[in-house]
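4 protein chains.
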Amino acid sequence: MIVIMRPGASPAEIENVEARVREAGLEPHVTYGPDCKVITVVGDERAVQVQNFGVLPGVDRVVSVQAKYKLASVEARAERSVIGTVPRSDSTMKAIAFGGEAIPVVAGPCTVEGREQVIEIAEAVRAAGAVALRGGAFKPRTSPYAFQGLEEEGLEYLAEARERTGLPVVTEVMTTESVPLVAKYADVLQIGARNMQNFNLLRALGAVNRPVLLKRGMSATVDELLHAAEYILMEGNPDVILCERGVRTFEDHSRNTLSLSAVPALKHRAHLPVVVDPSHGTGYAYMVGPMSRAAVAAGADGLIIEVHADPSKAFVDGAQTLDFKAFEKLMAELRAVAEAVGRSVAAQGE
Amino acid sequence: MIVIMRPGASPAEIENVEARVREAGLEPHVTYGPDCKVITVVGDERAVQVQNFGVLPGVDRVVSVQAKYKLASVEARAERSVIGTVPRSDSTMKAIAFGGEAIPVVAGPCTVEGREQVIEIAEAVRAAGAVALRGGAFKPRTSPYAFQGLEEEGLEYLAEARERTGLPVVTEVMTTESVPLVAKYADVLQIGARNMQNFNLLRALGAVNRPVLLKRGMSATVDELLHAAEYILMEGNPDVILCERGVRTFEDHSRNTLSLSAVPALKHRAHLPVVVDPSHGTGYAYMVGPMSRAAVAAGADGLIIEVHADPSKAFVDGAQTLDFKAFEKLMAELRAVAEAVGRSVAAQGE
Amino acid sequence: MIVIMRPGASPAEIENVEARVREAGLEPHVTYGPDCKVITVVGDERAVQVQNFGVLPGVDRVVSVQAKYKLASVEARAERSVIGTVPRSDSTMKAIAFGGEAIPVVAGPCTVEGREQVIEIAEAVRAAGAVALRGGAFKPRTSPYAFQGLEEEGLEYLAEARERTGLPVVTEVMTTESVPLVAKYADVLQIGARNMQNFNLLRALGAVNRPVLLKRGMSATVDELLHAAEYILMEGNPDVILCERGVRTFEDHSRNTLSLSAVPALKHRAHLPVVVDPSHGTGYAYMVGPMSRAAVAAGADGLIIEVHADPSKAFVDGAQTLDFKAFEKLMAELRAVAEAVGRSVAAQGE
Amino acid sequence: MIVIMRPGASPAEIENVEARVREAGLEPHVTYGPDCKVITVVGDERAVQVQNFGVLPGVDRVVSVQAKYKLASVEARAERSVIGTVPRSDSTMKAIAFGGEAIPVVAGPCTVEGREQVIEIAEAVRAAGAVALRGGAFKPRTSPYAFQGLEEEGLEYLAEARERTGLPVVTEVMTTESVPLVAKYADVLQIGARNMQNFNLLRALGAVNRPVLLKRGMSATVDELLHAAEYILMEGNPDVILCERGVRTFEDHSRNTLSLSAVPALKHRAHLPVVVDPSHGTGYAYMVGPMSRAAVAAGADGLIIEVHADPSKAFVDGAQTLDFKAFEKLMAELRAVAEAVGRSVAAQGE
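Chains as they are written, first to last, in the numbering used here: chain A, 1 to 350; chain B, 1 to 350; chain C, 1 to 350; chain D, 1 to 350.
These are calculated hints, taken from the structure and not from any lab test. Take these hints with a grain of salt, some might be off.
A pair holds if it fits inside one copy or across any two, identical chains being indistinguishable in the list.
[Unchecked claim] Once the Cα atoms are required to be at most 30 Å apart in a straight line, the calculated DSS-like pairs of lysine-lysine come out as:
#1 Lys313 with Lys329
#2 Lys94 with Lys68
#3 Lys94 with Lys325
#4 Lys325 with Lys313
#5 Lys313 with Lys68
#6 Lys325 with Lys68
#7 Lys94 with Lys184
#8 Lys313 with Lys70
Please read these numbers as outputs of a predicted model, since none were measured by experiment.
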């Protein structure tokens, strides 16, 4: 912690800050400059309310030195994490892993609309090269009058599609109560952007034996995303996959602003894999191709893309959804870009 | 719904949109201008995926006409809502109401730290003129290593402070599981900014016989706040108090950007009372006074302010917390401003 | 300047930073903590490229300690600045001042549309209590096809309105070339939000014997606004009035997000007066009243408000413009709020 | 233009809007729905103040249908623009073009610091494969105390570097007065983000026989960028190159948020080439590589990258600057990514 005093701070004000620092069990070091006085504080600042020092007389502002996450940080682990699905003994499911050389593409509808729909889409995306199936059974919707998902029935259809295609299932869990239910059907449990700081849900997923795909909140910084991951990690689940899905800004040409620099920024700070959701990140189908290619070029460890047989008839988010033909074309482009950056697009059963 | 075609859209593309509109059970009206073709659609657009029409060939963009909330809207109710606490038969609690001529000020610590602390603060804020006590027993914290609250013990201290002072208790509920517990102790249940779109929690509060103070999410629009309120209203609880507490922007002089224009904007759209939280809205104690006065001048129906005996020692958020003297001074200022805008600051027991 | 090293930084990396600091003529002080190493640097950091140290091996980040403005800061001047118009020997103009106890209200059309229009409005706003006339003769417009102002003809009409009403003229100057022309007619020269960092224009106004009303840029921080003011101050013009007019955020209920906390934040840092523009700050007439009252309650030293005889027919920005009746009502409200906060609304000729 | 009435709007209010529309020379078409009344207006809305209709009684809001730019739009030109440098008869300069299959990389220092510096860098970036030289002689700086550039002396060094290497010069022009001077030395005139809406400067560049590289403002939408381009185009200069350089958001992991979706969004709307500045767009050297690759993958028609012999000693922006080795490595990566998306990195003299 560093306490920066106002230029005109008095010796008594500096002494008061020093006394308060010592009271908190930490050690102050004062440095005097021509225009400034700075108190550098040694010791574990996680134990104190750093910002409180800002209200003491004569203080200009306080700067935190330590990140508040530990387990997620690159310092905590010598190598980057590679996070794989958990085998299912009675299933045809083909394993995938995030964070290695090969980049898995997860695809499927925004929401499960029915049995045939999800099976048709699963087969089409597998044919095009996807290695996992996405699809929402519980849907967080801004309006209470909007379609809220098929719930357990939707999970059953996803599981059936998995048995037909071998694709592991990635699906969202919205409440702590439904964690056991969703964990029974899902291979990767997704936490949506609106729940990134639903701390009880994060803790509940810390106790689950499945990878968690944690989406960045609409206005969360990358550090806040890592703090959220820390909640899961510290409860004992080391398998957290981070996901950039766009943030909210003034821009109106896209639904969200997909901030691809979050990919190198997260990999600079943490050992966890980073995937990108270009569908929610842009909101328009015509941008999904360019931004998927860009994500792979920027170092993403996976993609999660919305695909539907007829996007104009999708129950949810049709405007940002690719049809089968567009998805197939995109997969070919992604293989070329992945190769150009020394990686590959993951293929099923490898 | 209005579908705006690209300038070069063909007659076949327009016909296709018309056909799709009819398929959805709605009626299209095409208007041709020199540079534009617009399809105005009559019928209840809540039944369709408005944005899906955006993927049809030749479409430039789609504009939604109807708000998706009904119960919250000014059209739904002839008069503005006045929302009062529910009487407690075995309590000395003095009722308060939001939305009337008198403006209640809720004050107290960010978090309950102990029995003596909360009682001391409750007595001080009541003496200064507050009519309700705030204090967190369950705390949503960015970092898992930060203090998370005293939980039920904290609720008991709040209840004891209520009996000592007559001040109703406003406190946050973070999970659906804890709704019955919190509802037992609290007079107003607060939903924090991070939970504004925790839809299951919203629904659970729709079944509670207590007012809900719903804080606007960090990057939620005012329309999204009203949609969140609608979740509570449609489950049968009409007593929703909206709260502006600042949004996240590029600004770095304050913790959040307190957007006071949300006060007139919300009152323009909805009949529900609007309160302001200048403590979280600014993050710095020196701004709390000016922004509290401004909130009252802008038409706020209540204030919720953080107060502590010694802010520099608060467990949480000391930097934005007033001490007793500053709060007392502020209350006098608020009475003058309220009077200037034809209202009053609510006094206990009136 | 404070250089925060990565937790795993090596002794050699620390020594390298120390050497570079000394090379720059500054003195490093290293503090070692359990998890962190921090290098506090004494000396005038304005002489170095602070952020460059961030590229040295082992550095996590660099924190600037000193503000880069001096003349604008509260440390530079014992008292708050009161900035008045410059007398005109051959004019009926009545002087006004910003920053004192009395709060001037500047009102008038967004743009000068014609001789009669501006005179009619000037008389109406003076009758309602405004003490200065605003109106654009040169208009910055997003689209090249939009009305760009009457230019010198517009300035002449403003001057004529001044002689009729005694109201000093506040009008925008957009280019260095037109500074002499505008300075001839105007009593306060306004720099628009888009020109806040037009540094040559700022410098040109530093040489003018007229107060400058400097609007905050759409995405400028308060510190950047003060740096812009510093450009004017250091060229010799001490009369800079700062103006909050809303910033660009994700919010869609208003044209900009009027950030009233900028008022206390600017007054905390600088001795210059701060005025508020609630018209551009909101974009909607129905919010102008509440936000004007709020601005005064928050400590604003002036208001600048758009008024037109028939806003629906205004050439520019009608949606945010008050008609005469609404403005008259607002002035009465402002007098009450000003009194409530121990000030007054300035009256002509006092 | 579409006028959306409030649900409770009266017949008289609707008639009043219709009358006003006719008064403006346009034709209203009213559509009545169960919950809504909408007035679709046919005719050239560029002639009216669309937002003014928002103040009429009973109006909820007004939606603009037409974009206000014409010359920049994809409808205005059958093919995408390819914009090349203007030959210099007495120079060794090798031509380049933006918007074709080959992608030019522009590289060089943030600012010209001296003769040797710029020549050394020019030779190094040419050796690595850059085909144009960037470097600022006039620098817009937030603080008046910061280095402001070598001015004409800097331009001379850039011209000398051009003769040594054949690299055309891209450099910023900040004022209308200096347009002739900069145009004499520069091959592409850059307008910085802070000047994107300096409309007089835009107009002045409309009369210059050189391509203009127009950077997007820090909080400008893509439509506003296209309006700014329109100012140049309508004055007769068809050679405008658009540049995405990051926008200002709440994110703190990067200096700006590089919004790569602006690349497909701009190409969707306009026929002009789009280049990306990953140096200002991120602010940190370690992100420049990933984001440069991503930009090419997203469809960028060029890159402009800051390179310095020793970034830690750069006068300006060292933190975001690559050294020679990092730039050389990046160029090899970019060739691979360009090939993967069916393009190439432009080579000198082709």
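Structure-based check of each hint:
no.: 1; hint: Lys313 with Lys329; in the structure: within (21 Å within a copy, 46 Å between copies)
no.: 2; hint: Lys94 with Lys68; in the structure: neither (37 Å within a copy, 42 Å between copies)
no.: 3; hint: Lys94 with Lys325; in the structure: within (24 Å within a copy, 42 Å between copies)
no.: 4; hint: Lys325 with Lys313; in the structure: within (16 Å within a copy, 51 Å between copies)
no.: 5; hint: Lys313 with Lys68; in the structure: between (45 Å within a copy, 20 Å between copies)
no.: 6; hint: Lys325 with Lys68; in the structure: neither (45 Å within a copy, 33 Å between copies)
no.: 7; hint: Lys94 with Lys184; in the structure: within (17 Å within a copy, 49 Å between copies)
no.: 8; hint: Lys313 with Lys70; in the structure: between (45 Å within a copy, 26 Å between copies)
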